[in-house]
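Participant: Each chain, written out:
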Amino acid sequence: MLAKRIIPCLDVKDGRTVKGTNFIGLRDAGDPVELAEKYSAEGADELVFLDISATNEGRKTFTSLVSDIARRINVPFTVGGGISTPDDIGRLLGAGADKASINTAAVRDPSLIESAARNFGSQCIVLAVDAKLTDDGWRVFLNGGRMATDLDAIEWMRRGVELGAGEILLTSMNADGTKDGFEIELTRSISESVTVPVIASGGAGSRDDFAEVFVRGKADAALAASVFHYGEIQIPELKRFLQMRGIEVRL
Amino acid sequence: MKVAIVKYNAGNTASVANALARVGVEPLITDDAELLRSADKVIFPGVGEASTAMAYLRERRLDEAIASLRQPVLGVCLGMQLLCSSSEENETECLGLLPYEVRRFPGVGLKVPHMGWNQVTDLRGPLFDGFADGEFVYFVHSYFVEVGDHTTALCRYGERFAAALSYGNFHAVQFHTEKSGKVGERILENFLNL
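If you read the protein sequences in the order shown, they are chains U and F. Numbering follows numbering that gives the first Met the number 0, with no gaps: position 218 of the first sequence is 217. Numbering follows numbering that gives the first Met the number 0, with no gaps: position 83 of the second sequence is 82.
The set of hints was computed from the structure by calculation and includes no laboratory data. Each residue gets a CB set at the ideal place from its N, CA and C atoms; glycine is no exception. Where hints are given, some of them may not hold.
As the list claims (entries may be wrong) - Calculated pairs, SDA-like style, for lysine to any residue (alpha carbon to alpha carbon, straight line, at most 20 Å):
#: 1; chain 1: F; residue 1: Lys-110; chain 2: U; residue 2: Arg-71
#: 2; chain 1: F; residue 1: Lys-181; chain 2: U; residue 2: Arg-157
#: 3; chain 1: F; residue 1: Lys-1; chain 2: F; residue 2: Ser-37
As the list claims (entries may be wrong) - Covered stretches of chain F, as calculated for chain U (at least 3 residues, CB under 8 Å):
#: 4; region: 38-50
#: 5; region: 84-98
#: 6; region: 181-192
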């Protein structure tokens, strides 16, 4: 059986991880490579690195970081943050990333998805969508959730898949940071209406939340940051729990 | 030991080179037929689309170079598919070194590509020395090689397909050994020990 995937997400600024400073057993908690090695040794199925650097210098540092990660990590990893052209994607894949996630730039210019998929293959193009429930339903938000659009989230994700996205990374802005659980209904709607895998993100607080998003939300993968970074949930324990609940995981 | 990786337009050569480095081997990445022929082991990786890859291989006469190899060769993912006789992906005639057809997942009730960690069973042959049935490895593919007499590992995604096969000196795996954690590194080591 194809296993449900558990994906820790690391925010990287100027080549260093931000958040999650109280790791135990790491020489240097700010070193993304060391943290990534820890997670992959514990059984993370994939990793996501989001570059939140604001400067060109920070971006360059990120590219060389991606090369280091590719040398040392033996599971697949996705990179995102600030990707706006096919050249950006080429640079990051060339440095050794397995997939690139695009968000704001794809909304501004949907043909970016098409050209990226044509140049690099759909399997390495992840469409990241930040969705927020408004009075008009689920809408797409940009710039890390700060800017509203009038795009319907479900329609946008369907269109993204038609244009060539090979995977969807769906973050619920309502759930993000609450630790009250993933957004189940929206995740299920998307997962049932597109033909590519869906990664659910935002709201993970407990092991039960992961079970829910896999069983009821029909997610193919679940992404979380702080519950892993702060040691509130240990990946091996989470996976054993999911297995006991009858969910296929890689142990 | 000299290990060569076939350099061409659809190879994720850096990922494979990184994985080899993790098991202590510095490979040569080349499209030179003589260098490929003189290596002890050759790895033929691949990520991308079949017809574009085949056109490139023919243009550089790498098709002949690969066919002339007598040492152990390992095809990975698209590399496995290109070693077969033909692929449904844009009706491509492939290298014809493995007597199998490459078919597309029907995608009825299943997400395509088959992406993520899945189990391999019915393991046999030296690549899987020391493995128990049911190990998880990492797959990303929309096309698969049908099961046959030379299948050395099975996987099920809707239907059963060949996760690995061995035919003479040609070995092939559909999954990404270079991204399959410790399990993948051990399979690479087993290949290097052939």
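Participant: All hints, please: hold or fail.
Facilitator: Taking the hints in turn, this is what the structure says about them:
1. F:Lys-110 with U:Arg-71: Violated. F:Lys-110 to U:Arg-71 sits at ~30 Å, over the 20 Å cutoff.
2. F:Lys-181 with U:Arg-157: This hinted pair is violated, its Cα atoms lying about 36 Å apart.
3. F:Lys-1 with F:Ser-37: holds, 8 Å
4. 38-50: holds (count 3)
5. 84-98: violated (count 0)
6. 181-192: n = 3 at 8 Å, threshold three: holds.
Violated hints, in rising order: 1, 2 and 5; the structure is consistent with all others.
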